[in-house]
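Letter by letter, the sequence shown follows residues 1472 to 1600 of my numbering.
Rather than coming from a laboratory, the hints here were simulated on the basis of the structure. Bear in mind the structure is a predicted one, so any value in this text is a computation, not a measurement. The beta carbon of each residue, even a glycine, is placed where N, CA and C say it ideally should be. Careful: at least some of the hints might be erroneous.
To be verified - Using C-beta positions, here's what the derived DEER-type ranges look like:
1) Ser1536 - Thr1576: 39 to 47 Å
2) Val1517 - Gly1565: 29 to 37 Å
3) Ala1579 - Ala1519: 51 to 59 Å
4) Trp1572 - Val1502: 19 to 27 Å
5) Ser1580 - Ser1548: 29 to 37 Å
6) Arg1476 - Ala1545: 47 to 55 Å
7) Leu1488 - Ala1545: 32 to 40 Å
8) Phe1478 - Ala1579: 24 to 32 Å
9) Leu1554 - Ile1479: 37 to 45 Å
10) Met1516 - Arg1575: 45 to 53 Å
11) Pro1477 - Leu1554: 36 to 44 Å
12) Arg1581 - Asp1552: 36 to 44 Å
13) Leu1498 - Arg1575: 18 to 26 Å
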Amino acid sequence: MLVLRPFIARTRPVVALCWYGVSVFGLSLLVLYGILGIGLQASLMVVANTPRLSLPALYWLSHQSSGQLLDAIARKSQIIDQLFRGISGVIALGAMALRLWRRRTQAASRMSTGDACAAASKNSTAVDA
1472 MLVLRPFIAR TRPVVALCWY GVSVFGLSLL VLYGILGIGL QASLMVVANT PRLSLPALYW
1532 LSHQSSGQLL DAIARKSQII DQLFRGISGV IALGAMALRL WRRRTQAASR MSTGDACAAA
1592 SKNSTAVDA
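Use the sequences and the hints to build the structure in full.
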């Protein structure tokens, strides 16, 4: 167990950062698909309530076979899925990089203020003595 303790101590921040990236990836996918769903619902309501838009759409749909429609939907959904995964991946990598950068800058600022505090405490003990 003593052998694993340093390994676990070093890998714990890396694993935590990776889980943070996974959660950001999942949440950004959820948001993107939610926006897509809301947009599709709104556009379908507009088309359904506007006869000059719905009649040509219904005419076009009546001349399409179900196989063609399903193939077109599958192609479009694969393209949208790849696009959303790419966007979510970039967002997750950016969030991970931002968190890592913030930790490093906080550590650097703590080191610089820690040096100042240590020097101040040395001066205060020297004055007290």
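- Task: Please test the hint of 32 to 40 Å on the beta carbon pair from Leu1488 and Ala1545.
- Result: holds (36 Å)
- Do the Cβ positions of Phe1478 and Ala1579 conform to the proposed distance bound of 24 to 32 Å? holds (26 Å)
- Honestly, do Leu1498 and Arg1575 meet the 18 to 26 Å range at C-beta? Taking Cβ atoms as reference, Leu1498 and Arg1575 lie about 24 Å apart, which means the hint holds.
- Evaluate the given range 36 to 44 Å for the C-beta pair formed by Arg1581 and Asp1552. Holds - the Cβ-Cβ distance for Arg1581 and Asp1552, about 43 Å, lies within 36 to 44 Å.
- Item | Outcome for the supplied range 19 to 27 Å, where the beta carbon pair is Trp1572 and Val1502 | Roughly 23 Å apart at Cβ, these two residues keep to the hinted range, so it holds.
- Query: Quick one: are Val1517 and Gly1565 within 29 to 37 Å, going by C-beta?
  - Reply: Cβ of Val1517 to Cβ of Gly1565: about 34 Å, so the range 29 to 37 Å holds.
- Between Pro1477 and Leu1554, does the C-beta distance stay in 36 to 44 Å? Check passed, 43 Å falls within 36 to 44 Å.
- Query: Is 47 to 55 Å a correct range for the gap between the Cβ atoms of Arg1476 and Ala1545?
  - Reply: holds (51 Å)
- Supplied distance hint 45 to 53 Å, evaluated on CB atoms of Met1516 and Arg1575: holds (49 Å)
- Cβ separation of Leu1554 and Ile1479, checked against the hinted range 37 to 45 Å: For Ile1479 against Leu1554, whose Cβ atoms are near 38 Å apart, the range 37 to 45 Å holds.
- Return holds or violated for the Cβ distance of Ala1579 and Ala1519 against the range 51 to 59 Å. At 58 Å between Cβs, range holds.
- Message: Given the hint of 29 to 37 Å, is the C-beta distance from Ser1580 to Ser1548 inside that range or not?
- Response: 47 Å Cβ-Cβ, so the 29 to 37 Å window is violated.
In summary, the numbered hints that this structure violates are 1, 5.
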